[in-house]
Amino acid sequence: MNSAACFHCGEPIPRGVDFPIRIEHTPHALCCRGCQAVAQAIVDNGLADYYKNRTKLPQRGHELLPAELEQLRLYDHPQIQKSFVLETGPHLKQAVLILEGITCAACVWLNERHLLQLPGVKSVQVNYGSHRARIVWDEREINLSQILAEIQLLGYHAHPYNAQSAAALREKRHKKDLRRLAIAGISAAQVMMFAVALYAGIWYGMEAGTAGLLRWASLTLTLPVMFYAAQPFYSAAWSALRSRHLNMDVPVVIALVSAFVGSVYNTWFGAGHVYFDAISMFTLFLLGTRLLEQTARERSVEAAENLLKLAPAMATRVSDAGQQFVPVLELIPGDRLLVKPGEAFPADGMVESGVSGVDEALLTGESRPVSKLVGSNVIAGSINLDSPLTIIVTGIGEHTVLASIVRMLDHALAEKPRLAQLADRVSGYFTWALLGITLLVGLAWWAVEADRAFEIVLALLVVTCPCALSLAAPAALAAGGSHLLRRGVLITRGHALETMAQVTRVVFDKTGTLTVGKPVLQATQALAELDAARCRQLAASLEQASEHPLAQPFLACVAQSELLPVSDARNEPGRGVSGVVAGRRYYIGRTELAGHATQSSIDSGMTQVWLADETRLLARFELADALRNDAKTLIDTLKARGMQLSILSGDDLTTARHIGDQLGIDDCRGGLKPADKLAALQAMQAAGEVVMMLGDGVNDAPVLAAAQVSLAMGGGTQVARATSDIVLLCERLPEVAHALDVSRQTMSIMHQNFAWAIAYNLIAVPVAALGFVSPWLAALGMSASSLIVVVNALRLR
Amino acid sequence: MTSTLIFLLGLTGVFLLLIGLGIFWAIKSGQFEDMEGPSQRILMDDDDPLLPRRVVDADALKKAP
Chain A
1 MNSAACFHCG EPIPRGVDFP IRIEHTPHAL CCRGCQAVAQ AIVDNGLADY
51 YKNRTKLPQR GHELLPAELE QLRLYDHPQI QKSFVLETGP HLKQAVLILE
101 GITCAACVWL NERHLLQLPG VKSVQVNYGS HRARIVWDER EINLSQILAE
151 IQLLGYHAHP YNAQSAAALR EKRHKKDLRR LAIAGISAAQ VMMFAVALYA
201 GIWYGMEAGT AGLLRWASLT LTLPVMFYAA QPFYSAAWSA LRSRHLNMDV
251 PVVIALVSAF VGSVYNTWFG AGHVYFDAIS MFTLFLLGTR LLEQTARERS
301 VEAAENLLKL APAMATRVSD AGQQFVPVLE LIPGDRLLVK PGEAFPADGM
351 VESGVSGVDE ALLTGESRPV SKLVGSNVIA GSINLDSPLT IIVTGIGEHT
401 VLASIVRMLD HALAEKPRLA QLADRVSGYF TWALLGITLL VGLAWWAVEA
451 DRAFEIVLAL LVVTCPCALS LAAPAALAAG GSHLLRRGVL ITRGHALETM
501 AQVTRVVFDK TGTLTVGKPV LQATQALAEL DAARCRQLAA SLEQASEHPL
551 AQPFLACVAQ SELLPVSDAR NEPGRGVSGV VAGRRYYIGR TELAGHATQS
601 SIDSGMTQVW LADETRLLAR FELADALRND AKTLIDTLKA RGMQLSILSG
651 DDLTTARHIG DQLGIDDCRG GLKPADKLAA LQAMQAAGEV VMMLGDGVND
701 APVLAAAQVS LAMGGGTQVA RATSDIVLLC ERLPEVAHAL DVSRQTMSIM
751 HQNFAWAIAY NLIAVPVAAL GFVSPWLAAL GMSASSLIVV VNALRLR
Chain B
1 MTSTLIFLLG LTGVFLLLIG LGIFWAIKSG QFEDMEGPSQ RILMDDDDPL
51 LPRRVVDADA LKKAP
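Residue numbers (this note's numbering), protein chains in the order written: chain A, 1 to 797; chain B, 1 to 65.
Excised from the complex, chain A in its bound form:
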């Protein structure tokens, strides 16, 4: 080494450079400002012992820190801040940041405390559940980039979070709902007190003046309930009426308005009953149950939206003018981007130059890097691992795969299963019937005892509110779905839980489902003059384009630099791949593709792949795939539940049978092409079975779509995901059995809820019609019935 080495990173210090640092009174020389900043941070943290104890020189600080700071400084740009920063006062700015790396409450505490002691930071709140931080700062004293840099130095990563997104809107709505609930709660509590006094007053003889005063007080307290808290019911009822439908909000509004008008009339003239207590209690409980149900439902959306945060906000665009940092919002398809190792892809794209491994774990659950070559597609949010890639943007924002997954989830939540649709229709009819009955009962009482007619009509309207009926299904489904999501099972279609409960047969695809899906090349047998190594090289080159799990072992055993260029590659799902290498067409796959007769397979448990050219077979490869550790557990559990089990495999029968024997599955069929699998599945369905299919890979897409319920392993390719009803994100097979159990519980809870709601109404209607229920009791009964439904559903969580 001809010059002094940097104290921090060990690189030689260029001439004429002076970046000193003083550690425990000893000065040390550093090579650059980046190292100086890192070293200063370490010393200021009281962590100088690091330099005594370290066994390895740091790799990064030297070059990446200035680059990162430069990137962070872009967030100070007003144009870029526009999308996620709010001005909350003169010089005060507020931004929501998503913090990566929050693992426990201590992280939240560390971030909050540390940021708060910075001058200019006014408030910091980190949400433990959603990993979002809301920060308010004074722009005269501190820049956003400094705050972000501080967060990075603590070891976390902060990304700006677009405040205009759906989540922010949802948060706003949530706060509004809470305010309504608070108003209704405060009023209900107080009005109830007055009501107790009034009821007691009737017994003990309260002076008319005092009673009148209490009534006026109740009226005043009910005003905010009627005009603020109950607003959602008015708008829901109005929009239902406008579209010429009836929903449960219509009788709710009729009850609220008539009770209020009647009570105001009686208060004014100082005669008859007042129902202010019933009004506020009714509103409070309705709002409460709805909020409860809504929160349960939105949990899973939030989980999905945190996926979206993974796409970065900034990108390096490469143009003729050179490289520039631009916000992702400004990208358009066709732009050329440079993605460095360690960075996430800001958009969907196609690799234009470079070769690298990419971590797509966030999408597929598969931590193994996927190799990307020129022409491969990359997905926004996945992380480039090995070397820089230049990509051409094909999809941004809404059009990325990541966004479509989130849309799928939203869709599933919006999609109602058959039973829930039925409930909606029934509660529509029920409302009609209810209004009719109320009218008849009202007229009858008018004729018999006109004084009580109003009170009884009111009680009837309130007591029969079909809330329990409407909440029965969604509450159970939301609770079941969110329970499963926490266990790593994602429901993507609304009907999945309902159908899953009726499943009688579970069909497995073998590769990637029961097995790890990472077969290893066991043996190569050269059949012609080409030697084994050359055959492997050819095979790997051909398999570059294939997404089939059997392609990986070939790619794994040949160095990437040895791959031969392949032209005119054709991928025929279920059969294999062909391509032209150095002017000759080669085939790899099972023999139908190559068009040659083969010797029968010898060893059980081995998958055989053949390499051929136009005229003859060149080599035979033996691949073995290991069973998943937990496959046996799942099979045993399913058998104990009395499920029929089948294996439909694209591999040959011997292999399928071998796996089947190990697991104890009798019905094993091998050598099936997608069309054969489909036919087999349809035969099962024709025999009256409800089939759940577990699959993985392009091979299974049509079959998955045909099964009543389909489940794709999290590591499956995109096509399989898009057509499956459930995605096993956690890749733990026993969760499938658990999901089946949960689906049954969900259905039974749904049935209990329906039974309860119907029974309640059957009893309540005649009792109220006969005049045995006063309005406040009706409100209590109604609320209790819907609360029971929701609480019953929450047992699933």
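If you are wondering where the hints come from, they were derived from the structure by calculation, not from laboratory data.
Do not take every clue at face value.
[To be verified] Capping the alpha-carbon separation at 16 Å, the derived lysine to aspartate or glutamate pairs in EDC-like fashion look like this:
1. K28(B) x E139(A)
2. K93(A) x E24(A)
3. K172(A) x E33(B)
4. K340(A) x E352(A)
5. K172(A) x D34(B)
Once you have looked at the hints, place chain B on chain A.
Just chain B, lined up with the frame of chain A:
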């Protein structure tokens, strides 16, 4: 009697107003957004000497190439 009642009702009104404002403030400042964090946070000490102080040199940030 009635005047006492009116006074008490007025007092109730004032209290309710205060309660309402308090809850609105709590909602606005996001105290109902996270129901788990605070229960954990109370267990942490604020005066831990290991808590990092200001670490980024503002000048370095401005001058970095």
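Can you name, in rising order, the numbers of the hints this structure does not satisfy? Numbers 1, 2 - these are the hints that the structure violates, sorted from lowest upward.
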